[in-house]
Every structure is written in C-alpha cells, then in structure tokens.
Amino acid sequence: MADRTGKDTLDWDTSQVRTHTGLCRHTALSTLAQLRAAALRAAATGALTLPATSPDSRPKPRPPRGSALTDEQVRALLNTIPTGDAPVPARAGLPCPPDLAPIRLSIPETLRLASLARHLTTGRITATEATFTLLWSLRRRRHQTVARWHHHSVRLTLITGPS
Numbered sequence: 001m002a003d004r005t006g007k008d009t010l011d012w013d014t015s016q017v018r019t020h021t022g023l024c025r026h027t028a029l030s031t032l033a034q035l036r037a038a039a040l041r042a043a044a045t046g047a048l049t050l051p052a053t054s055p056d057s058r059p060k061p062r063p064p065r066g067s068a069l070t071d072e073q074v075r076a077l078l079n080t081i082p083t084g085d086a087p088v089p090a091r092a093g094l095p096c097p098p099d100l101a102p103i104r105l106s107i108p109e110t111l112r113l114a115s116l117a118r119h120l121t122t123g124r125i126t127a128t129e130a131t132f133t134l135l136w137s138l139r140r141r142r143h144q145t146v147a148r149w150h151h152h153s154v155r156l157t158l159i160t161g162p163s
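Note that the sequence shown ends on residue 163 in the UniProt record's numbering; no numbers are left out.
No lab work stands behind these hints: they were computed from the structure. These figures come from a predicted structure and were not determined experimentally. Ideal Cβ positions, reconstructed from N, Cα and C, are used throughout, including at glycine. Do not take every clue at face value.
To be verified - Pair by pair, the computed Cβ-Cβ distance ranges are:
(1) 124 - 84: 25 to 31 angstroms
(2) 122 - 154: 40 to 46 angstroms
(3) 35 - 83: 36 to 42 angstroms
(4) 127 - 47: 35 to 41 angstroms
(5) 43 - 101: 51 to 57 angstroms
(6) 25 - 91: 46 to 52 angstroms
(7) 150 - 124: 33 to 39 angstroms
Construct all of the structure, not just a fragment, from the sequences and the given hints.
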C-alpha cells in the first residue's frame, strides 16, 4: 500500500518532504535572487553606484548567435528607460494629466529589463525586438501610472468627499 499512495507507514515519504538542508538552500537562493533584483533596480535608478571593474575581471563574451549590439549601443538603448516616479493626485477630483511620467521601476520590471540587456549583448534578439520590448514596457508602466492616479483619486474621494 505504501507504493501506491506515496506514503510510508507514518507519514509522507522522505523524498516528498523538504529536508532541513534543502529548506536552507532554497531560502538562501531566493534571498539572493531578491537581493540581486533590488540591487539592479537601485543601480538603474541611480540610488546605488557600482564599483568600477577592471577589464581583466570581466567575463569573456561568448560569440554572438545573431547580430549582437556593442556595449555602447546597449547602454544608449537602455538609457532611454525613465527611472523616476509619477505623481499622485493631491486632492480628490483632479483630472488625470495627459503627460504623466511612468511609475518607478518595479522589481519584476527591473528583472525583465535586465533579461533584455542580457539578450541584447549576447545577440539573442535584434535591436528591433529590443525596441519593441522597451516600448511595451513603457506602455505598461504608463498604464499603471494612469490606473494609480485614478485609484488614488477614488480613495481620496471616499475619504474627503467630492470636491
């Protein structure tokens, strides 16, 4: 009967329960992944300056699969990403301005852009695909800005009443 249910006589089989070592490893790896994402966002927004690296300490680039962009071209493309934050309404009933800046980079958006930069430097995607991805990211962040504006406006209306 133990073979059919996946349990031994007392409880779950030992292969189905995360051991203490596995749990510690998972916790450490997920913490490092979150720290990496936070450091990437801080470096992208200018809240953190990274130390200079020597040319010898950089990893050797792999041969590109497609037409890879140079480091300068990648930097120029990624420098077009707005890193500021959008305002929220000061009082209820204010109309949404048409030229709102996008919201600040979130952790998932930062990871998407880091993946985009990695794919650009290795030549996995073309400059056209990268431009489309950046424009889509900008559109997503502007949509989030407008949604945030309206959500704040509704909350302010509920708190203070219509103006």
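Here is how each hint holds up against the structure:
Distance hint for residue 124 and residue 84: a CB-CB separation of about 29 angstroms, consistent with the stated range 25 to 31 angstroms. A hinted range of 40 to 46 angstroms for the beta carbons of residue 122 and residue 154 is consistent with their spacing of about 45 angstroms. Distance hint for residue 35 and residue 83: a CB-CB separation of about 19 angstroms, inconsistent with the stated range 36 to 42 angstroms. Taken as a hint, the range 35 to 41 angstroms is violated for the pair residue 127 and residue 47, whose Cβ atoms sit roughly 28 angstroms apart.
Remark: the range hint 51 to 57 angstroms for residue 43 to residue 101 is contradicted by a beta-carbon distance near 20 angstroms. A beta carbon spacing of about 51 angstroms between residue 25 and residue 91 agrees with the range 46 to 52 angstroms that was offered as a hint. For the hinted restraint 33 to 39 angstroms between residue 150 and residue 124, the CB-CB distance of approximately 38 angstroms keeps it satisfied.
Going through the hint list in order, the structure does not satisfy hints 3, 4, 5.
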